[in-house]
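Chemist: Residue numbers (my numbering), protein chains in the order written: chain Z, 1 to 321; chain A, 1001 to 1799.
Pair by pair, the computed Cβ-Cβ distance ranges are:
1. Glu-68(Z) <-> Thr-1724(A): 49 to 59 Å
2. Gly-1703(A) <-> Asp-281(Z): 46 to 56 Å
3. Arg-154(Z) <-> Asp-1364(A): 39 to 49 Å
4. Asp-1237(A) <-> Asp-281(Z): 54 to 64 Å
Quick caveat, the hints were computed from the structure, so don't treat them as lab data. Quick caveat: nothing in here was measured; it's all calculated off a predicted structure. All C-beta atoms, glycine included, are put in the ideal place defined by N, C-alpha and C.
Single-letter residue listing:
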Amino acid sequence: MSVHGLITNIQRTSTEDGPGIRTTVFLKGCPLRCEWCHNVEAIDPKPQLVWHGQKCIGDQACIRTCPEHALTLTREGMVIDREMCTVCGSCAEACPTTAMELIGERWNAEDLVEELARDSVFFTTSGGGVTLSGGETLYQPEFAIAVARGLKERGIHVALDTCGYYSEKVLRSILPYVDLVLYDLKIMDSEKHRKHTGVPNERILSNARVLAEVSIPTWIRTPVIPGYTDDDDNIRAIAQFIKDNMPNVERYDLLAFNNMCVDKYEMLGKRYALKDAALMDKKTMERLSRIAREIGVPNVQRSGMTREEGKIVRIPQMEAG
Amino acid sequence: MTIEDSRPSSVQIWSPSDQLPERIRKLREHFYSFDKRKETNEPIAFTTGTEWDELYSFHDWANEPAIYQFLPSIDGTFKAMAVKVDLPEDYWEHGLAMRRAIFFYEAMVHYMPTIILNGELIVGFNFNTALSKSLNKAETKKRNKEMEKWFKEAARLSRLGIGTASAAPGHIIPNYAKVLRIGMKGIVEEYEEIKRGKTSAEHREFIDALILSLEGARDLSLRYAQKAEELAADETDQVRRGELEEIARICRKVPWEPAETFWEALQSLWITHMLVMAAESYPGAGLSHGRWDQYLYPFYRHSIDSGELTREQAKELLECYWIKHNYAYDFQGRLGINQGINSSFGQLITLGGCGPNGEDLTNDLTWLALEVIEEMNLLEPKPNIRLHRNVSQEFLTRVAEILAKAQGSPFLLNFDEHSIEGLVWEGIPREEAWDYGIVGCLENTMQGKDRSGTVDVNINLVKAVELALNDGKDMATGEQVGPRTGDPLTFKSYEQFLHAVETQLKALIKLLVDCGAKADTLRAKYQPTPYLSALMDGCAERGKDVNEGGTDWNFITLEGMGIATLADSVAAVKKMVYEDKRLTMDKLMKAIHANYEGYEDVRQLLKTRAPKFGNDDDYADEVARHLSTFWAKETFKHKSPYTGRRFRAGYLSWNYYVPLAPLTAATPDGRRRGEFMSGGVGAVQGMDKKGPTASIRSVGKLGLETVPNGASHTITLSPSMVRTPEHIQKLAALLRAYIEAGGTALQTNIIDAATLRAAQKDPDAYSNLLVRVTGYNAYFTQIGRELQEEIIARTEHSL
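Generate the whole structure from the sequences, applying the supplied hints.
Modeler: Quick look at the structure:
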């Protein structure tokens, strides 16, 4: 019996999600609601219909095809009546330009493993592999486990990129098929964590201890978000937690905030709290790294674009995903 | 690390290292001052003085349709400016090869200037020429008549956007290694020996012509020796006087005698090489050195081990030698800085690579050459690095590091395992094929015994779709070009459509092969090059000039343009018309005839919903493989009857996808007339959306063993890919995977669209910005808006 699941994207030649050259697959659905979320299209566990204005040529094939008559093209753009829309995908299928897009592709685990294994030769030469990401990978636990197991059987290195918010049992059931965990620790103050991500952090911290207990290689990652996670105390507390509880941590990444996801919010009609936020200041990033290093966390790395005083760095447009 | 750290200004990148010795810095500046300096290597024309004399051959340049309209005036200019060479009284009694040899000898030994620049250690300055073809009146008349006939057809094929057919000089690796090893004297001794066994007077005279040509090299070197002695006598600086005396000693010795020291070897190599350009009247284009780090290594080792040179001194000699190649560009110099050197001539140096048992052959000279490449930042000579399974991680990392630091691409990479398969496929014994070299841009060629004729003939593969959809007629002019394959509305199945495309491909190949054979025949009959033939194995023995097919391996390469556009077009018809039936052939035809005007929905559907080559999509890749192997095998069936040279396939698209674009009708992949076709074996611009690994795997599925020339594949990486040592290791790993999964040749552009846009806005600030366009470097600000847009439009694989 094959297990099916929903993904939003497969990204090949991924160089930022673990060691070597990797293929990253983004699973759909997430229990957290981080205000700075970069993969906002992966939060909702169901498929979503979106309309890309700049791709639309106004031929209205979608409107003619829709069995529910849920679409109207107005001066302001396409109006999707979400009440009537059953997200059947016929409009996306009919659209000649991919202006109508159904986010969330259904795959069965075996086929997905096959697809993810395409770059095996690159994984071998680079010490890379596949990274399961999201959304939250373990929001679809059976699917995620089936995919991880399938990859493992092929001898492919599997990294699990995860927020840590699920039962200990779920975590323990996937770990036999995982070689490396990329584990997010965002905010140490549980109340603040709840305020900005929608959930408290006790369960996340306790699962972190599970990782230490089974001694699985782990990279801790903190998105450095201006006004949310970038204060010295927060980084100090995270570093201290790693130092005190997680001898299995091989690397600590401080990931500087950027704004490249702003269009995705617009496309989904969502408000983005950090729309006009500036990039992290280079000096702050350096200071935070130093703090973590001084506490004794091994292999502190920082990545992402930063700004230097008086200099504005333009952010290049990138493909979504 | 921040983005600012990883993106220094282009000016910093393309300037020489500040570590360069004073001597080298000055010599480099001398070259770059070609709009002001008094010494120039602009072509010097030499004539026999007869009223019918010809100095110029259209077929030498006919792979460049942009200059067709200027050919007669270039010819006229050369004749008007030509210096008359005094010739012996019995000159016209000799055979053509001997006449060419005498002419070459006289022009080089009695007329060519001998300039030695201040401070230089390797000498030999003027080599750009337009030499008389040395034909008598009757030969001239015949030749011009045949040339007219060929050119009429070549111009027609070019005008219709079918392709070009020429017989281009260069693109060859002479047996320089042998000159270093046994000296030209040793070669002459071999030829005398061969001559003793030949009874035909014609054959014996031919061998004498080869010998006389080599004596020309000897005697020109003696003139340089004399010049150096004169300069030494007037030199007040002790050190420089010593250098000039050593130059004089060396020039009296090589290339006639075998070289012993590294200095002698470099001097011997340079004079031998520059005279091939002089003899062919062709400035460097594709004339290549082969496995330079292999055959020079014993001399380097000798000089280092004997303590005669330090590594630093060897490097300085090497840098003096390096600069010399760039003077090939002087013939464009008057156009001004940058415009004069907007394309690369491709005097290639092959570095690294495997030995007969797959072992790695990189040595200290290979590493030293990398230092020179990095510090000099010059256009010539162009290095190609051979990579293979047993390349050391240390070397691969160094290669990745240089790629990461440079903008554009300081060298191209050739991949041994796939390249060797192609050479074996064309008939080279496996036990020899490992020792191949590279000419021009990326074209695989055997050393010293192979005229592979790369870029001679170039085919627009996409035209086959246009003809298949229009019953064999060119859509713009209505001219019947190919066979009548029927009205596409009557095609009942995909197989019928595919068959029509294949039939048209065959017909196009035939047209170009026939025209190419005419050019090849013209050159063989009327343009022997005894000096080059003397440096190619087998010519003396066979009594045949290299241009007549006298060396061991003789090919003419048909370079294919637009394989991805062809594959995407056929795949789109297969999927959209015959399988999914989302489109009728009728509607597709209407849309194509209307150039998609009023059919935006059809165009969008084809662009976004049909499978595309370059994404590791087996559907599109299978169509591409089928078409690629089909035309490659079809090409291999043909031979040029006069010379016996066999046609072989290649994928070096140069910049043809620009001029061919308006000559090719709209295509079923959603491309409108005028939009560029794909370059090399790359995807259609902007259609490879899955990143470099997918693009590499698609190329790896093309069945490139049927394409012995090799295939140009470019990936553009954003600087973010290589900003830290960790990322540089990932690039090295990508290259190692390419050895297994990819094609035969790769170039990387590490540059981002934002930088290019900035350069468009402020060309002055970026006048130094080099980019690599299918196998050559170009100054981005000088290449014209069209090509600029094309480079920006290529998918930038953001990582």
